[in-house]
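S.K.: Next come the chains, spelled out residue by residue.
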Amino acid sequence: DAGVIQSPRHEVTEMGQEVTLRCKPISGHDYLFWYRQTMMRGLELLIYFNNNVPIDDSGMPEDRFSAKMPNASFSTLKIQPSEPRDSAVYFCASSPGAGASSYNEQFFGPGTRLTVL
Amino acid sequence: SQQGEEDPQALSIQEGENATMNCSYKTSINNLQWYRQNSGRGLVHLILIRSNEREKHSGRLRVTLDTSKKSSSLLITASRAADTASYFCATASISSGSARQLTFGSGTQLTVLP
Chain A
-5 DAGVIQSPRH EVTEMGQEVT LRCKPISGHD YLFWYRQTMM RGLELLIYFN NNVPIDDSGM
55 PEDRFSAKMP NASFSTLKIQ PSEPRDSAVY FCASSPGAGA SSYNEQFFGP GTRLTVL
Chain B
245 SQQGEEDPQA LSIQEGENAT MNCSYKTSIN NLQWYRQNSG RGLVHLILIR SNEREKHSGR
305 LRVTLDTSKK SSSLLITASR AADTASYFCA TASISSGSAR QLTFGSGTQL TVLP
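Residue numbers (the numbering used here), protein chains in the order written: chain A, -5 to 111; chain B, 245 to 358.
These are computed hints drawn from the structure, not numbers from a lab. Computed from a predicted structure; not experimentally measured. Among the clues, some could well be false.
[What the hints assert, rightly or not] Each computed SDA-like pair below joins lysine to any residue, with the alpha-carbon atoms no more than 20 Å apart:
#1 B:K300 with A:E99
#2 A:K72 with A:V110
#3 B:K300 with B:G284
#4 A:K62 with A:I20
#5 B:K314 with B:Q253
#6 A:K18 with B:N274
#7 A:K62 with B:Q345
#8 A:K62 with B:R344
#9 B:K300 with A:V110
#10 B:K270 with A:E38
#11 A:K18 with B:R285
#12 A:K18 with B:H289
#13 B:K270 with A:G36
#14 A:K72 with A:A61
#15 B:K270 with A:V110
#16 A:K18 with B:S315
#17 B:K270 with A:G53
[Unchecked claim] Far from chain B, by Cβ distances over 12 Å, these chain A residues were calculated:
#18 S21
#19 Y29
#20 Q31
#21 R58
#22 A61
#23 Q74
For each residue, glycine too, the CB sits at the ideal point set by N, CA and C.
Bound conformation, chain A alone (with noise of 0.2 Å):
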């Protein structure tokens, strides 16, 4: 299994542009989740999907941020428009059914480091 694939893995543009950061879960993980790293604030959760259908978004920050998730293999996360402030390491992460063993586990993918000028 390839693991999670997140694209771009960088990403630099100028503040008001929009971005979109892409994700593909592993094949057949019921979850997914999109998070954002940095060194002030840490791994915060944004939004998680179960079955494709976004269970909890409270942690996104605002409404420039939106997330989809239009098939069980694609998700995105965009921003609109983008602000310095922003700019931070973006990880998406997909986890397992509860039929499986492993069905707490999260597999994190490489990120998208974004940096808003």
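With chain A's structure known, arrange chain B on it following the hints.
M.R.: Below, chain B alone, put in the same frame as chain A:
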């Protein structure tokens, strides 16, 4: 908000020594997990301990859980240079409504010197 707080924030030891990291949390949990993050990489799951367990082993890893003190410790025995990484505890809180939702601590940066 961060549920778990690791202690120490940074730890430097010699290869072959044991490394102990501690985690404290605030609310009742379903389970507690430890993850490792190498520089510039994603997190990797190491071990999970359930709220009704007190100790668990996996290879050179030993995890303890004290729910009365709301604390856990991770022991890495016979450390190697390759163990150099950041280590995070993560809790699945009963009150969050879903045991799937993890809250991560601030991490311990472990450096193992050859």
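S.K.: Next step is simple, just say for each hint if it's right about the structure.
M.R.: Checked hints:
{"no.": "1", "hint": "B:K300 with A:E99", "result": "holds (16 Å)"}
{"no.": "2", "hint": "A:K72 with A:V110", "result": "holds (13 Å)"}
{"no.": "3", "hint": "B:K300 with B:G284", "result": "violated (29 Å)"}
{"no.": "4", "hint": "A:K62 with A:I20", "result": "holds (17 Å)"}
{"no.": "5", "hint": "B:K314 with B:Q253", "result": "holds (18 Å)"}
{"no.": "6", "hint": "A:K18 with B:N274", "result": "violated (28 Å)"}
{"no.": "7", "hint": "A:K62 with B:Q345", "result": "holds (18 Å)"}
{"no.": "8", "hint": "A:K62 with B:R344", "result": "holds (19 Å)"}
{"no.": "9", "hint": "B:K300 with A:V110", "result": "violated (43 Å)"}
{"no.": "10", "hint": "B:K270 with A:E38", "result": "holds (17 Å)"}
{"no.": "11", "hint": "A:K18 with B:R285", "result": "holds (17 Å)"}
{"no.": "12", "hint": "A:K18 with B:H289", "result": "holds (19 Å)"}
{"no.": "13", "hint": "B:K270 with A:G36", "result": "holds (17 Å)"}
{"no.": "14", "hint": "A:K72 with A:A61", "result": "holds (6 Å)"}
{"no.": "15", "hint": "B:K270 with A:V110", "result": "violated (34 Å)"}
{"no.": "16", "hint": "A:K18 with B:S315", "result": "violated (35 Å)"}
{"no.": "17", "hint": "B:K270 with A:G53", "result": "holds (19 Å)"}
{"no.": "18", "hint": "S21", "result": "holds (18 Å)"}
{"no.": "19", "hint": "Y29", "result": "violated (8 Å)"}
{"no.": "20", "hint": "Q31", "result": "violated (9 Å)"}
{"no.": "21", "hint": "R58", "result": "holds (21 Å)"}
{"no.": "22", "hint": "A61", "result": "holds (15 Å)"}
{"no.": "23", "hint": "Q74", "result": "holds (25 Å)"}
Of the numbered hints given earlier, the model fails hints 3, 6, 9, 15, 16, 19, 20; all others are met.
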